[in-house]
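Participant: With the hints as extra help, turn the sequences into a complete structure.
Protein sequences appear in the order of chains A and B.
Taking the working numbering, the leading residue of the first sequence gets 1, the next gets one more, and so forth.
Taking the working numbering, the leading residue of the second sequence gets 1, the next gets one more, and so forth.
Simulated from the structure, these hints should not be mistaken for laboratory data.
Errors might be hidden in some of the hints.
Unchecked claim - Under the rule of at most 25 Å between Cα atoms (straight-line distance), these lysine-lysine pairs were calculated in the DSS-like manner:
| hint | chain 1 | residue 1 | chain 2 | residue 2 |
| --- | --- | --- | --- | --- |
| 1 | A | Lys55 | A | Lys14 |
| 2 | A | Lys41 | B | Lys77 |
| 3 | B | Lys77 | A | Lys42 |
Computed from a prediction, not measured in an experiment: that's the story for all the values here.
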Amino acid sequence: GAVVSQHPSRVICKSGTSVKIECRSLDFQATTMFWYRQFPKKSLMLMATSNEGSKATYEQGVEKDKFLINHASLTLSTLTVTSAHPEDSSFYICSATNDWAYTQYFGPGTRLTVL
Amino acid sequence: GDSVTQMEGPVTLSEEAFLTINCTYTATGYPSLFWYVQYPGEGLQLLLKATKADDKGSNKGFEATYRKETTSFHLEKGSVQVSDSAVYFCALTVDTGRRALTFGSGTRLQVQP
Chain A
1 GAVVSQHPSR VICKSGTSVK IECRSLDFQA TTMFWYRQFP KKSLMLMATS
51 NEGSKATYEQ GVEKDKFLIN HASLTLSTLT VTSAHPEDSS FYICSATNDW
101 AYTQYFGPGT RLTVL
Chain B
1 GDSVTQMEGP VTLSEEAFLT INCTYTATGY PSLFWYVQYP GEGLQLLLKA
51 TKADDKGSNK GFEATYRKET TSFHLEKGSV QVSDSAVYFC ALTVDTGRRA
101 LTFGSGTRLQ VQP
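Facilitator: Here it is, written out as structure tokens:
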């Protein structure tokens, strides 16, 4: 099956610093990648949708200047949390798709802790 | 807007018991419906899907039928195993071309030997 990786799996940073999370589709070309945020015991909330070579589309309430998304190639998307604060601590998950059959392949997630 | 409602967990069952996890939805258009499973320490995996009314998705002994009249997509399995312990998410997407998923809150299943 299609594999999506994320790096790092865990990151701890100080308040005010920026953190970059990578999402890679390992064995397929992803036309679209999605970034989700998962709160403890809560569902996944869509943050943004990115298409290769285009600007990301952000969901209402998500600050685009704080959560920078770059989808530079068909196999890589990055999420940068800028000037991170403790309230940004969460589990960030990416997914990728390459077809119109609505099948998304998910990465294992990145646990971000901001001190 | 679109939304998915799942029964709250955790659901605790003994091995070989029958499983039902309820899922209902509201959607602005004609949705495709999914069940995803998240095993401990792993990413979400597609378990099964159904794209039109009365379709039945099935995989690994799990089944769910797309019921448009009751806007439901309940997950069932006749005999659960310890290895089925995981969090199960019901989700939908509406054919808007954007293909983003709307998830339910997830239901944790614990199967005891």
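Participant: Next step is simple, just say for each hint if it's right about the structure.
Facilitator: Hints, verified against the model:
no.	hint	result
1	Lys55/A <-> Lys14/A	violated (28 Å)
2	Lys41/A <-> Lys77/B	holds (23 Å)
3	Lys77/B <-> Lys42/A	holds (24 Å)
Violated hint: 1 only; the structure is consistent with all others.
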